[in-house]
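*Asks:* Listed below are the residues making up each chain.
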Amino acid sequence: MSRSSHRSFNARFPLALCLLSVTAGCTTTAGGDHRGNTSSAPTNSDQAGPNGTGPNGTGTGVGGGTGVAAVAMGAGGSGTVIAVPPGAVVGPTMLRRLTNIEYKNTVQSLLSLPNNPTEPLQTDALTRGFDNFAATLTVPPALAKQYWDLSAQEAANAFVVPACAASEMEPQCASAFVGTFGKRAFRRPLSPDEQNAYEALYADQRTRADYAGGIRQVVQTMLQSPYLLYRFELGTAGSDRALTPHEVATQLSYLVTATTPDDALLTAADANALLTPAQIEQQARRLLSQPASKPNLQRFVLSFADTLNLDNLAKDATEYPLFTPELRTQVQAETARFIDAILWEGDGSFSSLLSAPFSFINGKLASFYGVTDPGQGDTLIKTSLNPLERQGLLTQASVLAAHSKPGESGPVMRGKFVRVGLLCQNLPAPPPNVPQVQPPQPGLTTRERFAQHSADPACAGCHTLIDPLGFGLENYDGIGQFRSTESGKPVDASGSVSGTVDIDGPFTGGVELSTKLAVSLEAKQCITEKAYSWAFGRAVLDAERPVVSAIATPLVATGLDLREVMVAIAKADNFRFRSFH
Amino acid sequence: MSRSLIKRRSLLQQLGAAAFLATPVFRSAIVEAQAKVPLRYVAVHLPSGVSMLNRNGDLSVKGSSWDYDHYLGGLKDIQSDVVIFNNLGMPTGNVVSSYTELEGHGGGMRTMFTGDTNQRSGEVPGAGSQYGTINSIDQLLANAFGSNTKFGSLQLGAITQTNSNPEGRRCLFKNGTALEPVEDPNATFARLFPGATTPAASSGTMNADPKATAELVALHDAGKSRLDQLKAEILAIKAIAGTDEQSKLDLHLTSLRELENSLPQVGAGTGPIFQGVTCAPPNIGNQGASNNGNSSDDIQELGPAMLELMYQAINCDLTRIATFQWMSTGANNIFPFLNVNESHHGLEHSWQDDDQLKASYDRIQTWLMLQTSTFIKRLKSTPEGNGSVLDNTVVFVASEMWGGHQHDEFIALVAGKAGGAINPGRTLDAQGRPHNDLLLSLVNMMGLNVTAVGDPKYVTGPLNLG
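Heads up: the protein sequence lines correspond to chains A and B, in order.
Mapping of the first sequence onto the numbering used here: residues 1 to 581, in sequence order.
Mapping of the second sequence onto the numbering used here: residues 1001 to 1466, in sequence order.
Check each hint, because a few of them may be wrong.
[What the hints assert, rightly or not] Each computed DSBU-like pair below joins lysine-lysine, with the alpha-carbon atoms no more than 30 Å apart:
1) Lys405/A <-> Lys364/A
2) Lys1231/B <-> Lys1150/B
3) Lys382/A <-> Lys294/A
4) Lys145/A <-> Lys1150/B
5) Lys183/A <-> Lys1231/B
6) Lys1238/B <-> Lys183/A
7) Lys145/A <-> Lys1238/B
8) Lys145/A <-> Lys1231/B
Please keep in mind that the hints were generated in silico from the structure rather than gathered at the bench.
Given the sequences, and given the hints that come with them, work out the whole structure.
*Replies:* Following this line, the structure appears as structure tokens:
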């Protein structure tokens, strides 16, 4: 890996600017981010040998790093001993509950359903825009009941029980079914005890139902089994440990396709063929070619754009009568289609997401964006937009509306989104008792009202890092429509970027800001970090920042191909090893 | 919608939702999963004293005379589950110089279950305010724990109306309002098991459509099998998961336990139902439409029927707090079926005078205790967890006085272990301590953390029954 590039991303501390310049009103410490705090990181990277922690850094020797462990492989491993590579940064094991999307995809796959089950599941909480952070994914009573009902309904109505050739063969048929279905459901072969338990469950139900009823009982139970609901990362015995091949398969499958491993992946795990980065890369690329990877990576982009759950986004109907649920649906569809186009019809890069001069417009969106109706009804058609007004994700209505207040634009929300969401810089929480910015009134622009932030020294320390970013987006109102005037005055969309590694300086308008971000190494590093965080369902550890840098480094020279980011994460040593606490 | 849900819904519509409640169900095994075993309090009132003394009133034989060969014969084979309390005071003669304030039978039974003495008179039927704000201990418990079950508490009885003076049946109070017992088996059946067909209307056979019943039982059992498997898996994971994940798994386990409580089952109680026993409306025999009059022969049917209803209410977890009143105290019932044609009240005041009268009196009291014993044995024979329902119950049996309107040095029985709070199989000499101390002990062992019940003047502290 390139340690120098790692350092370069951490050499400057924009947060320190905020903290140093704040007055008593803004002294809250940063929440969670320890960017640049390299002194506290374990020294693994310093001890890394030639193999280091780079994408291909599978060490083979016994190193002096902190995470060396020789562990026996579990299922499928038959005695192979795998040492944690020297210098590898090993993250903690976790019990990750499937997200709702992952669970429904899984059930659909296991039962060979044409569509996702439609039964409701309570909404997964978002953490930093992501719905897959392990800490929040639990099984409270309400959700357990929903799993209970869903599994009952799907097992009874949707699942087709394979026929058993002859009634006298039923126990053997059931046993075989438990083995094959169980392996797919649990993503690993059942242990003998588990096989017996599920055969007994079948036999028990068979006393009160027919053969199919007995099989459905097995299915219904497995669909809500903790072995299905949680992604296990228990690996094999020992302190720091290698994940089992089946655990690697599971992690890879959910990372790329948000569903349970397919047969090819399970077969690879059975054959112990998910050991090397090359083997994993081969599978990752195969999965990226599967249709399921499309909505999954789309969700990743929506997540880092903090626009994952917009279904309840409401606007002040008096101020924005245009923003009906129908329009909201349309702008969401626009963004989704746009992301797919960049990822799968273009170069798949972060840069393109922020710099593409087109979007996808239909009859309902044409007037909203002030372009000619492409004339194909509701179908979204690739359309060039006014290059002075629109360019890429940041200037799309869904993203802008999501980062606005109900009845007005949101320079603070938008500025914060850029700094925290796209540059991964953290800001302190606002101090208590902040004075209210004066409400909208005729004759005063939003920018003028928020000028108080720079005038009041209690606010200025932090808001000079926020507001100048958001002011540059003032050409877009609270629902993302372009405006040249506000309150009878021309909009002042001049802004400035400060405290960054590589894009400091003035800009005017969303297009110029997007262009800056699209080429920013810091932004690309940030998105890589978010992808890593998404892959592991938790915040990035300090000690892992070199790993993230190593993943990003080969990719930031171009536009940061998000598909390649996923492959690189899967190839990293961290993907296969865990520290057990 | 799933086929099974459709089936269940149509089944319910077919039966009527109420009938669902009346369908037998097998208790599920969640005792081990309960953080705290549910406890039950049952009181039984025997009227007009208990004949533990010979007719000379020889106090020296008390205690030793309370063997299981006579009056308590029905309890002989479960005496290891019973504590005999000897020499309780109401309030203790050591504290109160005059018992006149207890006003004989009515005041006695009122005080017996409330521990209160400062209310006066009450002999005059009328507004509840005459009782102030007193609460019987069952109502203290119901107030604290009654929301756990469909019926916070039950007040049942048999032939309690024969005494024209309502004080003869008023021993339970809620904030000064008397709660008189219900004694119509048919009405009680309908209240406890709404929609179920009464045995009277179906020639004594049980109610529900057997096919529908079987389907519900199958639904329950299949669900329980799934939950057992899921719980076992969580526990297996807990054994190998790191400390960080334990709380997550504990929450999951809690969620599964809540699901277990929601399995289709009879009883409508929100509390746990227990293993291995069918809860069902009882066969209460062919009861008449109404019951009145002094012909206490009816009690042969009514008493056991009402006790069986009380048993099933507990068995089905419809309630955990119940009181049963045998007849009204101070009433002139006769008992031809026991060859007793003297009035009960008359015997109370005369049994010490004559061996023949005492024999008659004994026959009544022995018969009443025998029925009560049958009820207690039903609890004893109902499995729960590793023991019986009786192990998690306290049955408090008492009368308001013994011969000659005496309230001191009286006897009480306590059956059951109350979840381990009681170490039974003993005779305990209370040494004249006020019976409020026993009442306090009872509510304490049910989990109600108070330091006094009733009139605090007569509380010296809980008795140790452990």
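*Asks:* Does each hint hold? Answer for all of them.
*Replies:* Evaluated hints:
Restraint check for Lys405/A and Lys364/A: satisfied, since their Cα atoms lie roughly 23 Å apart, inside the 30 Å limit. For the proposed pair Lys1231/B and Lys1150/B, the alpha carbon gap of about 27 Å is at most 30 Å, so the pair holds. Restraint check: the Cα-Cα separation between Lys382/A and Lys294/A comes to about 18 Å, which is no more than 30 Å; the hinted pair holds. In summary, the hint linking Lys145/A to Lys1150/B is supported, as the alpha carbons are separated by about 22 Å, within the 30 Å threshold.
Restraint check for Lys183/A and Lys1231/B: the C-alpha separation of about 20 Å stays at or below 30 Å, so the hint holds. Of the pairs offered as hints, the one joining Lys1238/B and Lys183/A holds, with about 21 Å between alpha carbons and a cut-off of 30 Å not exceeded. Under the criterion of a C-alpha separation no larger than 30 Å, the hint pairing Lys145/A with Lys1238/B is consistent with the structure, at around 21 Å. Taking the CA atoms of Lys145/A and Lys1231/B, the gap is about 14 Å. The hint holds against a cut of 30 Å.
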